[in-house]
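Listed below are the residues making up each chain.
There are 4 protein chains.
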Amino acid sequence: MTYWSTCPLHIRYADTDQMGVVHNSVYAVYCEIGRTHLCKENGVPYHEMEEDGIYMMVAEMTGRFHKAIRYGESVRIRTGVVRMKRRLMTFQYEIFNENTGDLTYTGTSTHLFSRDRKKTCDLPEKYYRLLSNMMGISDK
Amino acid sequence: MTYWSTCPLHIRYADTDQMGVVHNSVYAVYCEIGRTHLCKENGVPYHEMEEDGIYMMVAEMTGRFHKAIRYGESVRIRTGVVRMKRRLMTFQYEIFNENTGDLTYTGTSTHLFSRDRKKTCDLPEKYYRLLSNMMGISDK
Amino acid sequence: MTYWSTCPLHIRYADTDQMGVVHNSVYAVYCEIGRTHLCKENGVPYHEMEEDGIYMMVAEMTGRFHKAIRYGESVRIRTGVVRMKRRLMTFQYEIFNENTGDLTYTGTSTHLFSRDRKKTCDLPEKYYRLLSNMMGISDK
Amino acid sequence: MTYWSTCPLHIRYADTDQMGVVHNSVYAVYCEIGRTHLCKENGVPYHEMEEDGIYMMVAEMTGRFHKAIRYGESVRIRTGVVRMKRRLMTFQYEIFNENTGDLTYTGTSTHLFSRDRKKTCDLPEKYYRLLSNMMGISDK
Numbered sequence: 007m008t009y010w011s012t013c014p015l016h017i018r019y020a021d022t023d024q025m026g027v028v029h030n031s032v033y034a035v036y037c038e039i040g041r042t043h044l045c046k047e048n049g050v051p052y053h054e055m056e057e058d059g060i061y062m063m064v065a066e067m068t069g070r071f072h073k074a075i076r077y078g079e080s081v082r083i084r085t086g087v088v089r090m091k092r093r094l095m096t097f098q099y100e101i102f103n104e105n106t107g108d109l110t111y112t113g114t115s116t117h118l119f120s121r122d123r124k125k126t127c128d129l130p131e132k133y134y135r136l137l138s139n140m141m142g143i144s145d146k
Numbered sequence: 007m008t009y010w011s012t013c014p015l016h017i018r019y020a021d022t023d024q025m026g027v028v029h030n031s032v033y034a035v036y037c038e039i040g041r042t043h044l045c046k047e048n049g050v051p052y053h054e055m056e057e058d059g060i061y062m063m064v065a066e067m068t069g070r071f072h073k074a075i076r077y078g079e080s081v082r083i084r085t086g087v088v089r090m091k092r093r094l095m096t097f098q099y100e101i102f103n104e105n106t107g108d109l110t111y112t113g114t115s116t117h118l119f120s121r122d123r124k125k126t127c128d129l130p131e132k133y134y135r136l137l138s139n140m141m142g143i144s145d146k
Numbered sequence: 007m008t009y010w011s012t013c014p015l016h017i018r019y020a021d022t023d024q025m026g027v028v029h030n031s032v033y034a035v036y037c038e039i040g041r042t043h044l045c046k047e048n049g050v051p052y053h054e055m056e057e058d059g060i061y062m063m064v065a066e067m068t069g070r071f072h073k074a075i076r077y078g079e080s081v082r083i084r085t086g087v088v089r090m091k092r093r094l095m096t097f098q099y100e101i102f103n104e105n106t107g108d109l110t111y112t113g114t115s116t117h118l119f120s121r122d123r124k125k126t127c128d129l130p131e132k133y134y135r136l137l138s139n140m141m142g143i144s145d146k
Numbered sequence: 007m008t009y010w011s012t013c014p015l016h017i018r019y020a021d022t023d024q025m026g027v028v029h030n031s032v033y034a035v036y037c038e039i040g041r042t043h044l045c046k047e048n049g050v051p052y053h054e055m056e057e058d059g060i061y062m063m064v065a066e067m068t069g070r071f072h073k074a075i076r077y078g079e080s081v082r083i084r085t086g087v088v089r090m091k092r093r094l095m096t097f098q099y100e101i102f103n104e105n106t107g108d109l110t111y112t113g114t115s116t117h118l119f120s121r122d123r124k125k126t127c128d129l130p131e132k133y134y135r136l137l138s139n140m141m142g143i144s145d146k
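Chains as they are written, first to last, in the working numbering: chain Y, 7 to 146; chain U, 7 to 146; chain C, 7 to 146; chain V, 7 to 146.
Everything labelled a hint here was simulated from the structure, so no lab data went into it.
Among the hints, erroneous ones may be present.
Residues on chain C that point at chain U, a partial pick, calculated with CB under 7 Å [unchecked claim]: (1) A20; (2) T22; (3) Q24; (4) H29; (5) N103; (6) G107; (7) D108.
Label pairs and their calculated CB-CB ranges [as the list claims (entries may be wrong)]: (8) N139(U) x P130(V): 50 to 60 Å; (9) Y134(V) x D108(C): 28 to 38 Å; (10) R135(V) x G26(C): 22 to 32 Å; (11) K46(C) x K46(V): 38 to 48 Å; (12) R82(V) x D128(Y): 47 to 57 Å; (13) K46(U) x L136(C): 37 to 47 Å; (14) T126(Y) x L136(C): 25 to 35 Å; (15) P130(V) x R121(C): 45 to 55 Å; (16) K46(C) x R92(U): 35 to 45 Å; (17) Y134(U) x K73(C): 49 to 59 Å.
Lysine-lysine pairs mimicking DSS-like chemistry, simulated, CA-CA at most 25 Å apart [said to hold, decoys possible]: (18) K91(C) x K125(V); (19) K73(U) x K91(Y); (20) K73(V) x K125(C); (21) K73(C) x K125(C); (22) K73(Y) x K91(U); (23) K125(V) x K91(V); (24) K46(V) x K91(V); (25) K125(V) x K73(C).
Beta carbons are placed, not taken as given, at the ideal position from N, Cα and C, and that holds for glycine.
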């Protein structure tokens, strides 16, 4: 079982589109919010990692849209780490509507690490230890 | 072989993030630009379809990020239809850098149709005929 | 003296641009967050007003950018109502950096009311009473 | 009389909000498109200026929203330089709907120059000469 980090998503009016729901591109931003929240919770504020010269570049994303979210709804995102290697890392996401309990989105993102934002590198030991802590830990 | 619709992407400065490249969430917007361009090219301007009461709701997306895009680069998107059914439709995308010829992103999106933006429906015959035309047509 | 509503702004990584700071267009989104927070705090959740058929359309905006905001910084927005008439309403905004105390942005927005999102209308009595309450009230 | 640079705006579906029109924050992005188009047209591609170490930081913006723009409409932006000094520069914008001829937005933005994105500096002679060319030139 994976450890899940949970945080509220503050839906902005500007996140919606003329279909009256949150635009599909914004889910990638929500995943980023979940991902950075998980990192921070485990001692790795993302902006500090960047200041330290380590970048997490997105390599792959998948997402399934189960039910639309609307402005004014209470939404939470759960984020877990499902794969952790020296050179890459995969996060898993679940976004759900707190009012109805509905699952609205599930997805994954895989990231590579880089120092110069071009070539990939191994994640430094310090971060590897902090972030791999989350694998194989149950939140119950 | 599939028919591919090609159009230029106008990268906005606001599309970039502090990593100095186009933000990962913006690729979903670029795919939407490719998709609506393909539809228009085949006689289905997306805003007219919506005015006609038919919505295309995103059900699934996948994307692979091969190489980052920067503001100031010339970029094109190629979009094709890889699956066409009464109830759903899958598009495929390739974004490439015109200066270097590099492929920067490949992805897919699957859509369901709806009249009320909640329940799904069959795509009306008129649109089905226009959009399914693109299957099995080579651009060579 | 005006009543000021204060709320934290959750800066998203996606809000930044390649200059390494929050993109100028995002400040309008931040103002919207402050504005809807003020409305909610005074008994007018903005999504309920829209469901009730009343829209607040932006007519005018002004903004001064004093100091850039970066991802990772703690930021708050203060919002007040500086003009309240039947047909229009002006909000004032102050965004400040909590770590340094620096004022980063000051601005205003003026809104007209509408039922059909085209023609303007008077704000219904119910909302007028709730929102005009905020004029002439000191928060000290 | 000022020289006006004119370019088409490609409205993205993602630019709209649940009110069914282009979101107010996107107009700042449209102004940026007009501004960078004007600069490019006058021999100053904005990304080259940044690569050269010169940044244009927004100091002030004003905007009036005359009529909403919808997805599917043909829109153009006209941009002019209304003030040009060594340390700052003011642009003026007019966005109009090509189908109806309606003026939808008018605005201004004032920019300071910087080398380190913190302190301001004088605009180097090379750029000053190219950009000040646009003052006092009629497009008729």
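Status of each hint after checking the structure:
1. Contact between A20(C) and chain U, as hinted, is supported at the beta carbon level, the nearest pair being about 5 Å apart and thus within 7 Å.
2. Interface restraint check: T22(C) against chain U, minimum CB-CB distance 4 Å, threshold 7 Å, status holds.
3. Because the closest C-beta pair between Q24(C) and chain U is about 4 Å apart, less than 7 Å, the hint holds.
4. Annotation: interface hint on H29(C) holds; nearest CB of chain U at approximately 5 Å, less than 7 Å.
5. Below 7 Å, beta-carbon pairs count as interface contacts, and N103(C) has none with chain U, the closest being about 17 Å; its hint is therefore violated.
6. Against a cut-off of 7 Å between C-beta atoms, the interface hint on G107(C) is violated, since the closest Cβ of chain U lies about 23 Å away.
7. Using the Cβ-Cβ criterion of 7 Å, the hint placing D108(C) at the interface with chain U is not satisfied: the shortest such distance is roughly 19 Å.
8. For N139(U) and P130(V), the hinted distance range of 50 to 60 Å is satisfied, since their beta carbons lie about 55 Å from each other.
9. Y134(V) and D108(C) have their C-beta atoms about 30 Å apart, which keeps the hinted 28 to 38 Å range intact.
10. One distance hint, 22 to 32 Å for the beta-carbon pair R135(V) and G26(C), holds here, with the actual separation near 28 Å.
11. With their beta carbons about 43 Å apart, K46(C) and K46(V) fall inside the hinted range of 38 to 48 Å.
12. With their beta carbons about 50 Å apart, R82(V) and D128(Y) fall inside the hinted range of 47 to 57 Å.
13. Range check, K46(U) to L136(C): about 45 Å between beta-carbon atoms, so the 37 to 47 Å window is met.
14. Taking the beta carbon of each, T126(Y) and L136(C) are about 55 Å apart, not inside 25 to 35 Å as hinted.
15. Our hint of 45 to 55 Å for P130(V) and R121(C) holds, since their Cβ atoms are close to 53 Å apart.
16. Separated by about 43 Å at the C-beta atoms, K46(C) and R92(U) satisfy the suggested range of 35 to 45 Å.
17. At roughly 55 Å, the beta-carbon separation of Y134(U) and K73(C) lies within the given 49 to 59 Å, and the hint holds.
18. As the CA atoms of K91(C) and K125(V) are separated by approximately 41 Å, the hinted pair breaks the 25 Å bound.
19. For the hint pairing K73(U) with K91(Y), the CA-to-CA distance comes to about 21 Å; that is within 25 Å, so the pair holds.
20. Pair hint K73(V) plus K125(C) holds up; C-alpha atoms about 10 Å apart against a cutoff of 25 Å.
21. With a C-alpha separation of about 38 Å, the suggested pair K73(C) and K125(C) falls outside the 25 Å cut-off, and the hint is violated.
22. Between K73(Y) and K91(U) the CA atoms are separated by roughly 21 Å; this keeps the pair inside 25 Å, and the hint holds.
23. Distance hint between K125(V) and K91(V) is fulfilled; the C-alpha atoms sit about 17 Å from each other, no more than 25 Å.
24. Using a Cα cut-off of 25 Å, the hinted pair K46(V) and K91(V) holds, with the two alpha carbons roughly 19 Å apart.
25. At roughly 10 Å between alpha-carbon atoms, K125(V) and K73(C) fall within 25 Å of each other, so this suggested pair holds.
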